[in-house]
Amino acid sequence: MSIMIPTRDAAAVPSATPHPRPRPRRLRRRFEPIAGPLRVVLLLVYAIPILFIVLTSLKDPSDVISSQSSFLFTPTLEAYTAVLANQGLFIAMQQSLTIATGTTALTLLVAIPAGYGLARVDSRITTIGLGLLIVLQMVPQTANVIPLYQIFGAWGLLDQNLGVIVADTALLVPFATLLLRPFFRSVPEALEEAASIDGASTMRTFWSVMLPIARNGVATTGTLVFLMSWGEFLYAVNFFLSPGNYPLSALLAQQVSAFGINWPGLMALAVITSVPILILFVFTYRLLREGLTLGAVK
Amino acid sequence: MAVKSARNSRIRAFSLAGGAIAVSAALALTGCTPTSSGGSAGDSDTITVWHYFSDENQVKVMTDYKDLFEKNNDGVTVENVFVPYDQLNSKLITAVGSKTGPDVVVFNGADASALALGGALAPITEQWGAFADKNQFPEAVVHSLEDDVYAVQGYVNLLGLWYNQDILDEVGVEPPTTMDELNAALATVTAAGKSGITLSGLPQSQGEWQAYPWLTSFGFNYDKPEAAPLEDAFTMIQSWTGSGSLTREAVTWDQTVPFQTWAAGNVAFAQNGNWQLGTARSDADFKYGVVPLPVGDSGKVYLGGEGQSIGAFSANPELAWDYLEQTYFSEEGQAIALSGVGSIPSRLDAASAPEVTEDPILAAFAQSLEQNGANYPSPAVPAVSIADQQLVVGQIWSAVIGGQMTPAEAATKLVTDLEQLLAQ
Amino acid sequence: MSTDLTVSGPARRTPAPPGRAPRSGARWHAAKRKRLAFALPAGIFLLVFSFFPLAQLARMSVSDVTARTLNQPWEFVGVDNFVGSAAQGSLFPTLGNTIAFVLIVTIIGLVGGLAAAILLSTSNLLSAFVLGLMVFIWALPPVVNGSVWKFLLGDAGLINSVITGVGLTQDAVPFLYDDRFALLSVAIVNSWAVVPFNALVFRAGILGIPAETFEAARIDGASRWQEIRYMIIPAVRPTTLVLAVLTIVYAFRSFDFIFVMTYGGPGVSTNTLPFLSYLQAFVRFDFGMGAATAVISVLLVLVLAVIYARSVRAEEANS
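One line per chain: the protein sequences are A, B and C, in this order. In terms of the numbering used here, the first sequence opens at residue 1 and continues consecutively. In terms of the numbering used here, the second sequence opens at residue 1 and continues consecutively. In terms of the numbering used here, the third sequence opens at residue 1 and continues consecutively.
Under the rule of at most 20 Å between Cα atoms (straight-line distance), these lysine to any residue pairs were calculated in the SDA-like manner:
1) K34/C with D122/A
2) K99/B with T69/C
3) K60/B with A85/A
4) K194/B with S66/A
5) K34/C with P188/A
6) K194/B with G172/B
7) K413/B with D179/C
8) K413/B with G84/C
No lab work stands behind these hints, which were simulated from the structure alone. The structure displayed is predicted, hence computed values, not measured ones.
Please construct the entire structure, taking both the sequences and the accompanying hints into account.
Below, the structure is given as C-alpha cells:
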C-alpha cells in the first residue's frame, strides 16, 4: 500500500494519471489583465512599509520627521553601528535563541501527543477539549502575567530562562495542538490498526508510524511556534528581573521610552532581529507552504 | 518493499530530527540564565535600581550615579535595571505578590500614590525626617500618602513654550508673554503659511499633563471643577485647530513627535519640556528659545519628573537610602542630572547654581517653576482617583482636539466625570 | 470519480478501510480510547499554567481588586465590576467598536488572504518574492509595523503626499485622528498584518489542487473567474472555517496596533474590548474591572468555540 505523504505530489496521486510523471507543470502563462496589476498592488502594499523601515533605519534621528515622504536624505549607518556596538545585543540574541528553541521543544513535546490523542478519539471529550483550547487562545496575555508571576515566584522560576519558556509554552500549546491535530487525523487509521494487530505497542505505533508520517505538520508547527516565541515580549519583560537576561524583543522595547522613540534604532534593530527569522523562512519555505494546508483543514 | 525502505529512512531522518529537538531542549532547559539576580537578592553589598530610561544621556546619568556611589562606598555594587516604561508600574505591583522587587525605584512621580497603594514602595518617612538637607526641597516634590512619605523627586521636569526665533523674526513677532499675545502670534504665523504650535493630545496622562496649563489659565481647578472655564479653554483650542495653527493630528502624538516636528523647522511654537534640551541642540537647525507658558496668574504648570523611592521588599533599605541621599538628593548628584539631561534640580541650592540661572533656556523654565509651578498630580485629587482623573481628562482633551466634541459638551461631560472621581 | 481536492479531509482521501475486520474492531476501539491518555501531559500542563490563570481571571472579574487589594484576599462583589464598567458609559460603545473592528479584520483578513493566495499561487519569482515580504511583515513586532503605518498615514506621510499630490483631495486625509476614519484605519492595518498568515494557509490549499484539474478545466474553456468560483473556493472551504476562527480570535484580542497607533483615541473612539481591559487594569489599576471586560471577550469567543467544535465534529462524523 502506498503511504500518503501529504504533499502536493501526493495529492496528485489519486487522480490516477496514466502517463508516468513528467510532473505536470502548473502552466498558467496566459495574459492576465487583472491578476498582473493586482499582484503589483500586493507587492506595493507590503514592499512600501518594508522600504520605509529600511530607509528609516538609515536616517539620522533629526531627518526622520522632516523627510517622512521623501527619499532625500543623507543615509547613515549610525543606527546599525550603535545597535551592533551594544554589548547586550549578542547576549540578547543568545537569550532569544535559547527561549525560542526551548519553547519550541517543550511545546512540541506537550502538543504532539495532545494533537494525536485528540485526533484519534471521537467523543464528547474531544469536542470539549477543542472548545477549551480556543477559549485559552482567547485569554488576554496580560491576564496571565500576575498569576504566573505568583507561581514562578513560589517555585523559584523568576529570572530564569525556564520560567519564560514555560510561560511561552503555556501560551502556545493550545495553538500548536489545534494546528497539529488535523495532521494526525490525516494519517489513515488502518495503518495504525495494522501496526497494533502486528503487536506493536501504542507507544511504538505512535513513535514509528504516526510521527514520521506527520512530520510535515510537526515541522510546520515547530516553525510557527519558534517564530512566535522569538517575538514574545510581555512575559520576557515581566519574568526576567535582570536586564542582562532580556531577549531581543525586550531590547526592541528599549528603543521606545517615555522620553522619546529612537526611530532609526528601532528600525535598525527590527531589521537585525528579523534576519534569523528570514533565514529560518528560507529553510522552511516548502514546509510552510505545504504543511500549513493540512494543519488548517479543520 | 520499496515503500518500506523509504519508510525506514524516513523514520531514521525523523529520529534524527527528534534527537536534535531533544538535545536542544535539554540545552535550553539546563542552559544557565546569564545573570541571576536582578531583584533584591539579599546580597548585602548590592543594590538594584529599577528605572525606565533608555535615552543615551539619561542612561549615562544612571551610570554616573552608579560610579559615584560605588566610588564613595567600598565594596558596594549598584545594578541598574531597565524596565520598559509601559511595564514598570505593573511589574512593580505584580512583584509585590511574591514579595520581591528592587531596592531603589525611579518612576514617574505622578504614579507615586498608585505604587504606594499597591504596596510596592517602602515608606521613607523616618529617613526623610532625619535628612539634614530636607529643607532644601520644595514641598511640591515630596510625595506623601496618609502621613507617610513615599517618594521624593531629585529634579523636576516642566513644560515651557519653545519658539523658533527664525520664524518669529520673519513675521515680526516677539515671544509671547500673555495669552492674547500668543493668540495674536499664532494668527500671524499661520497667515504667513507656517504652522502655529505643536503639543500632545494623546488620550491618557500625557494629554492631561499638557492640557493642565491651558485649562487652569482660564481659571479651572480641581478643587472645584467648573464647566465655564473649561469651555473657554476648549473653545480656544478648537479655534487653533480650526485656523490650522494646531493640527488635529496631535491626538496621535505623544510628547516626542510634536517636539521633533517643531525641531524640523516649520512650526513656530512647541509646548514641551526641559528634557528636550538635548534634542533641540542636536536636531533644531535654527535659532530657538524658551519662554514660560503664558498662562497668566491663575495658570499652573505641573512640576513633573521621576520620583525616587525605596522598594517595599528591599533587603537593604539602609544602603538604598544612602544611595538616594548621595546621588539623587545630593547637590553633586543633581548637578550631574542637570548637565547630563537638562533636568531642573529640585534642591534650592542646586537650582540657583549659575548653570541654571545663566542658561537662557533653563532660566526660562526656572522662572516658570517659580511663578506657576504646581504639584503634580493636583492635591485635590484623592489618591485612588488619580489614574482615572488623568485618563478621563486626557480622553476629553483628545476628543476636543480631534473635533469630536463641542467645547460645551466636553466641558459638561468632564465636570460630571470629575465630580464623581473627586468625591471618592 | 471523486476529485480529491487537496487534503481537505483525511477520511475523504482514504475511504473507510476495508481491512477493519469486525473481529478486531471492538478491541481496537477500546485501544483507541486509550489514546486520549496522550493528551494528558498537555492537560496537566495547561491546567497548571493556563487554567489556573483563567480561573484567577474569572475570580478577579467578580472581586474588588485594585492596586491596593491585589496582594490581599479579594473581596467578592458579584457583578459589580460588570455593572460599574457599563455605568461608566464606555462599555457599550466599546462593544460596538469591537464588533465593527472584528468584522473588518475578519472580512479583509479572509478575503484579502484568499485573494493574495490566488494571486501568488503561480510559481514565479515575483510570487515568491511577495510571499517572502509578507512573511517578513508577519514576523515583525506590532510596535514596528504600527509605527510605520502611523508614519505612512500621517499628514506628512507618504500616502497623504500621494493623495494630495495627484489632486485627489485638497487637504490631507485625517486617517488616524478623525473619529470617522480612525477605527477603520487601525482595523485595516490590523487586517494587513494578518493577511500574510491567511494567505500562506490558503495558498497551500490552492497548491494542493491537482494541476490536471486545472488543465482539464482549461481545455473545457473555463475562465479564470470560473476556476476560482468552481474549483478554488470549494477546495479551500474547510480551510476557511479554521482560518475564520483563528482570525476572529486574533481580532478579538488585538490590542498592540491600537496601543501604538491611536491609544484608543481620538477621545475614546478606537477603544475596543481588549484595549479597554488594558486601560482599566493597567492604567487605572482596577484589576477587577479589567478582568470583567476580558471575561466578556472570552464569553463572546466561547460561543464561537462551541460552534466551531460542534461543526468540526459533525463534519468529521460525516466524512
